[in-house]
Amino acid sequence: MMSARKYQYVLTRKISHSPFLRQTKVNPTAAERKRSLPRKFPIAGVEKVICVSSGKGGVGKSTVAVNLAISLSQSEPDKTVGLLDTDVYGPSIPLMMNLSGQVYLNEKKLMVPLVNYGVRCMSIGLLTDPNSPVVWRGLLVMSAVERLLRQVAWGPLDYLVVDMPPGTGDVQLSISQNIPVDGAVIVTTPQDIALIDARKGAEMFAKVEVPVIGVVQNMGSFVCGHCGSETSIFGGGAGAYRLATDMGLQVIGDIPIVPAIAEGSDGGCPVTVSDPDGSVSKAFRQIAVKVALYLSSQGTPTKRNN
Amino acid sequence: MYMNRYCLWMFVVLVIFMSPGVELTSGLSGVGRVLLVLSGKGGVGKSTLSVQVAVALARSGLRVGVLDVDLCGPSIPRMFGLEDEAVHQCSGGWLPVQCPVMGAEHNLAVMSIGFLLSSKDEAVVWRGPKKTAMIGQLLKDVCWGTIDWLVIDSPPGTSDEHITLMQELRVMGSERHGALVVTTPQIVAVADVRRELSFCQRTGLRVYGVVENMSGYVCPHCKECNNVFSQGGGEALAQLKDVPFLGRVPLDPALTMALDSGAKGSSFTEALLDSPAIIAVQKLVEQFSGMETGNAM
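Sequence lines, in order, name chains A and B. First residue of the first sequence? That's 1 in this note's numbering, and the numbers climb one at a time after it. First residue of the second sequence? That's 1 in this note's numbering, and the numbers climb one at a time after it.
Worth flagging that the hints you see were computed from the coordinates, not collected in a lab. Treat the hints with care, as some may be off.
Said to hold, decoys possible - Pairs of lysine to aspartate or glutamate, DMTMM-like flavour, derived with a Cα cap of 25 Å:
| # | chain 1 | residue 1 | chain 2 | residue 2 |
| --- | --- | --- | --- | --- |
| 1 | A | Lys108 | A | Glu76 |
| 2 | B | Lys241 | A | Asp129 |
| 3 | B | Lys120 | B | Glu175 |
| 4 | B | Lys120 | A | Glu209 |
| 5 | B | Lys241 | A | Asp277 |
| 6 | A | Lys207 | A | Glu230 |
| 7 | B | Lys120 | A | Asp266 |
| 8 | A | Lys40 | A | Glu209 |
| 9 | A | Lys79 | A | Glu47 |
| 10 | B | Lys120 | A | Glu47 |
| 11 | B | Lys241 | A | Asp266 |
| 12 | B | Lys130 | A | Glu146 |
| 13 | A | Lys40 | A | Asp129 |
| 14 | A | Lys290 | A | Asp275 |
| 15 | A | Lys40 | A | Asp254 |
| 16 | A | Lys207 | B | Glu122 |
| 17 | B | Lys283 | B | Glu168 |
| 18 | B | Lys130 | B | Glu168 |
| 19 | A | Lys290 | A | Asp254 |
| 20 | B | Lys283 | B | Glu122 |
| 21 | B | Lys223 | A | Glu230 |
| 22 | B | Lys223 | A | Glu263 |
| 23 | A | Lys282 | A | Asp158 |
| 24 | A | Lys290 | A | Asp246 |
| 25 | A | Lys282 | A | Asp254 |
| 26 | B | Lys130 | A | Glu203 |
| 27 | B | Lys130 | A | Glu230 |
| 28 | A | Lys290 | A | Asp78 |
| 29 | A | Lys290 | A | Asp277 |
| 30 | B | Lys223 | B | Glu175 |
| 31 | A | Lys108 | A | Glu203 |
| 32 | A | Lys282 | A | Asp266 |
| 33 | B | Lys241 | B | Asp274 |
| 34 | B | Lys130 | B | Asp148 |
So that you can see chain A by itself, here it is in the shape it has in the complex (with noise of 0.2 Å):
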């Protein structure tokens, strides 16, 4: 058996120098790695794609996605929202934006998504039984996201705002590689725990050259419904300013534990519906003002067409 040094150098050498094989690069340099990675084709017919992302789970992502893509509807009526849940193994859109029925496909052949709230929406519990679990590997599940993101009738979208898993794996590499985001939000809440992943899908996205928006703080703090104190739950309230100001980014929402929350998205009306002129879906207004601020400024990109 070859030794590793000798095998090295029969890879270098003899295999290199071969009249059959001059194509062949063993050690590759950076750009010839970049120029091999897939090519982002965008979404046809979506002007702007945002993704809602965390590196930790359970901190108020799909919360966070349904009020943001419900705001920028109500904030900009003249806009057309999408609202995409790449959640395939837990996906709470169809509960949280009260969905249910056929999802129908169009002449060509395309989703035609739902509609609720004034955003359209698609998510795979509207494909599968609420009951039976998504037991796939990465491959199939990439294979899904992709038909997700392509063979949907989204129509010309202004804002597509996509809920993306928790944590760093196949689903958020492939939507960050196969189509241009112009921008994240990433959700944390004060916990250190949740602060290093949040770091971490802060790091995913460098990597793969997608712009960060800013950080959303979320569960910052509770407010006692008998007495009416203030308490921090999950760590002291100054937890996502310090990663913000680590990461330079900057903090555009700060969202306190509120029952009606978690009960606007079990009872399928969100709170920015159900009560728009309270302070929460102030918050989540803002956020979206703040989001769409951040995409005008990146400048028109070339029409896209359907």
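Given the coordinates of chain A, assemble chain B onto it according to the supplied hints.
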């Protein structure tokens, strides 16, 4: 003279080969029982609960190992205050990191990919096949020795990591492993965890029961209980799927901050022993380990 030297060498070789070698059992062969902590939903407190359950088992005198297979977000080293520790190798593979906690000085060991990363901020951005290979190594190449319980903290969902775990555990025999399914009271969480229970049924994984975490928060000012994330979802799910309901674990900010701080020895100090969360976990550990003792009789 040469014969003497030859005889000496032969004697040394014989001594080496005939002495009973100290072999550390690697992989799952020395593990008594495996407890898989699962949830379809992220952020329900799987890692926090895994740590509390492992410490409760270790305090009762059992030898316990904790394996963290959440490759993208390994929280276990920080919760135990072991972030700066390194993994050492022995002839059989990797040695898990020993974790002395109050009341269980020598019978708790931990293994996680977090120990193998060069910095705590390093992101593991891997596709499925690489994750599968890493989990295979974590299951087969760690020298647990002979332990009573192995608590495995998994990532959310039913993905590559879970499929690989089930394939490896199947070799062990279904009576020696089981799942603890964690949820929060919210319907959004319960909807995802329902799928996880279906996954357990389909793969023949025994379910010890459902735990409702983050169930209630007692305000430190007025001592009234607030249902921060709705209520009752976990119990309803357990009834629907006909599995035991092991109880509710309330939110305790003091415990959360202690586990979050990452300081060594900060977790499970004397001050936290009367935390309502730890008391609730103690009861649920008694329930499912009682199930095991009942089966063994």
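Do the hints match the structure? See the list:
no. : hint                : result
1   : Lys108/A - Glu76/A  : violated (30 Å)
2   : Lys241/B - Asp129/A : holds (16 Å)
3   : Lys120/B - Glu175/B : violated (37 Å)
4   : Lys120/B - Glu209/A : holds (22 Å)
5   : Lys241/B - Asp277/A : violated (40 Å)
6   : Lys207/A - Glu230/A : violated (39 Å)
7   : Lys120/B - Asp266/A : violated (35 Å)
8   : Lys40/A - Glu209/A  : holds (11 Å)
9   : Lys79/A - Glu47/A   : holds (11 Å)
10  : Lys120/B - Glu47/A  : violated (37 Å)
11  : Lys241/B - Asp266/A : holds (20 Å)
12  : Lys130/B - Glu146/A : holds (21 Å)
13  : Lys40/A - Asp129/A  : violated (32 Å)
14  : Lys290/A - Asp275/A : holds (21 Å)
15  : Lys40/A - Asp254/A  : violated (32 Å)
16  : Lys207/A - Glu122/B : holds (12 Å)
17  : Lys283/B - Glu168/B : violated (30 Å)
18  : Lys130/B - Glu168/B : holds (16 Å)
19  : Lys290/A - Asp254/A : holds (13 Å)
20  : Lys283/B - Glu122/B : violated (37 Å)
21  : Lys223/B - Glu230/A : holds (13 Å)
22  : Lys223/B - Glu263/A : holds (23 Å)
23  : Lys282/A - Asp158/A : holds (22 Å)
24  : Lys290/A - Asp246/A : holds (20 Å)
25  : Lys282/A - Asp254/A : holds (11 Å)
26  : Lys130/B - Glu203/A : holds (19 Å)
27  : Lys130/B - Glu230/A : violated (45 Å)
28  : Lys290/A - Asp78/A  : holds (17 Å)
29  : Lys290/A - Asp277/A : holds (18 Å)
30  : Lys223/B - Glu175/B : violated (43 Å)
31  : Lys108/A - Glu203/A : violated (39 Å)
32  : Lys282/A - Asp266/A : holds (20 Å)
33  : Lys241/B - Asp274/B : violated (33 Å)
34  : Lys130/B - Asp148/B : violated (30 Å)
Hints 1, 3, 5, 6, 7, 10, 13, 15, 17, 20, 27, 30, 31, 33, 34, counting from the list given before, are not met by this structure.
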